[in-house]
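**Student:** Here is what each chain is made of, one letter per residue.
Number of protein chains: 2
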Amino acid sequence: MARPKSVLVGEVGPRDGLQIERDFIPTSTKIELIDGLIDAGVKEIEYSSFVSPRAVPQLADAAEVLAGLTRSKPVHLVALVPNAKGAERAVEAGVDELRVFVSSSESHNQKNVNRSVEDSLVGFENVLRIAHQSGTPVSGAIATSFGCPFEGDVPVEQVGRIAKRFADLGMVGVGLGDTTGMATPLLVAERCNHLKTVVPDLPITLHFHNTRGIGLANVMAGLDEGIDRYESSFAGLGGCPFAPGATGNICTEDLVFLLHELGIETGIDLEKLCAVARRVEDVVGRTLPGQVMKAGPRLQLSDMEQVATAVG
Amino acid sequence: MARPKSVLVGEVGPRDGLQIERDFIPTSTKIELIDGLIDAGVKEIEYSSFVSPRAVPQLADAAEVLAGLTRSKPVHLVALVPNAKGAERAVEAGVDELRVFVSSSESHNQKNVNRSVEDSLVGFENVLRIAHQSGTPVSGAIATSFGCPFEGDVPVEQVGRIAKRFADLGMVGVGLGDTTGMATPLLVAERCNHLKTVVPDLPITLHFHNTRGIGLANVMAGLDEGIDRYESSFAGLGGCPFAPGATGNICTEDLVFLLHELGIETGIDLEKLCAVARRVEDVVGRTLPGQVMKAGPRLQLSDMEQVATAVG
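Quick note, the sequences are listed as chains A and B, same order.
267 is the number that my numbering gives to position 267 of the first sequence; each next residue is one higher, with no gaps.
99 is the number that my numbering gives to position 99 of the second sequence; each next residue is one higher, with no gaps.
Source of the hints: derived by calculation from the structure; they are not laboratory data.
A couple of the hints might just be wrong.
[To be verified] These stretches of chain B come out as covered by chain A in the derived footprint (C-beta under 8 Å, 3 or more residues):
{"id": "1", "region": "129-140"}
{"id": "2", "region": "144-158"}
{"id": "3", "region": "207-217"}
[What the hints assert, rightly or not] If you want a taste of the chain B side facing chain A, the calculated C-beta under 7 Å gives, among others:
{"id": "4", "residue": "Met182"}
{"id": "5", "residue": "Pro185"}
{"id": "6", "residue": "Gln291"}
{"id": "7", "residue": "Ser302"}
Keep in mind the model is a prediction, meaning the values are calculated, not measured.
C-beta atoms are modelled at their ideal positions from N, C-alpha and C, and glycine is treated no differently.
For reference, chain A alone in the conformation it holds in the complex:
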């Protein structure tokens, strides 16, 4: 299948990245980062979550952040919602899209949201009712789509059944989350092909983690399947780095660099994006996994006297 000519890069850093930061990041700083992404040309941002402020204090300012944005360019601002109450708050705040989530595996869904997969799916009906009253679209994400850290391999049909429920509920898209970095290029091809059969009209988004170093190899596999929506986090921040030193989300700047070098359009200004990523490093106060923000653009010439010792 031909690779897409353009790709929608969905930035999840402000939610998936910042949510695990221990120290509260000021609302004004979140606004600055998100407005920076918008100015860089990012078209979709999962910008926060309307979870219980007690469960995730870091994202308690979801409504204030949205209200404070300048939005210098057209952008689609998505908020994660765990339940009907979150949906009401998100709609009230005026988000562009709600996103619900469920794991493909029972044990992960139990540990993550303390209920069965079926109970999660039934709960989505209320979210969709609330959203439809205000004309807000809802998309769904399936965590552990490529494997579960408690159960191991997940049958592709299990993922397909949930995606079908999403379509039947009237959702506008399905995201496959690679929660603990278990995706591989062959699994990407298998899962995308299955979904194209089961939910042919539902746009597929791939959300990879770089936990085992092959996040962008999985993107290559997704592109070969014609998939044109990917999610990533600025500077590679966050996304469940479950082992010491392990990384989580794939990095937005590195993804955008790869896409541009493949001749695929994103509408994003890579240098502006790298500036935001470097600012994220300042904000969290530690080195993050992103590479392009450190190495610079491909044709940035060096004035170093010696860049290599012998061959390399």
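Guided by the hints, dock chain B onto chain A, whose structure is given.
**Tutor:** Just chain B now, with coordinates in the frame of chain A:
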């Protein structure tokens, strides 16, 4: 083109990785690491360099390391040689293969070895004469094959001309070095296709750096061109990380993980390889970029109470 069924993974960590370590690593430790690689099933190792001990004190023990190895399994031990004097020492020590190197770009070759590309190529004639007397094969590596940090893009014909000279000199293989991480999937395809035309009988090895995060995406591109030889470094050590925080060589364990998950054989035991990589981290005393050695094998089940916060 069909992807290869098996791949030769050439480990370059003991040379390309260790050479930039400031503190001298004891000869016995080098022997332990290399014997560990051999025991893990690694079939080719660029294990040291016969450069001037004054220029690279870290590799002054190239002969002693070779003499001290147990070699529990069949392995091909390669040494880098910069000139005729190095070739004599390497042949005397009994290495399995000599490797010479030149940059594709004049300015990088000048800065790296202080001579013109043509002078480097002429110098190789003496190396080949010495090697042939002892029946030792010689391969050649071309640094800056995908771009030069001083000159920018490098015309593919420039790389092809050098590869042709390698073939004419009787070398047994050509390696394309991505010295400062300027390779991209499209350049990989272009360069491999050109070389297949210009030197159809010369095996091609791809040596990528992860400087801009897309090293394994470039491997995917190489596999799609049918290339079945790749070089990498244990734990992702070394390889000219020219910007603070930037990485160098792609990581052997992550490469092997990717290949195995693609159904491509390497003959390498990934768990043993990860144990060696973790030992490398101990030896150099800092966290290294490799991911699989930290996250563990794909189906390693977790007993953590909570591995994810919400979706991911």
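**Student:** Look at each hint and say if it fits the structure.
**Tutor:** Quick rundown of the hints versus the structure:
no., hint, result
1, 129-140, "violated (count 0)"
2, 144-158, "holds (count 6)"
3, 207-217, "holds (count 9)"
4, Met182, "holds, 5 Å"
5, Pro185, "holds, 6 Å"
6, Gln291, "holds, 4 Å"
7, Ser302, "holds, 4 Å"
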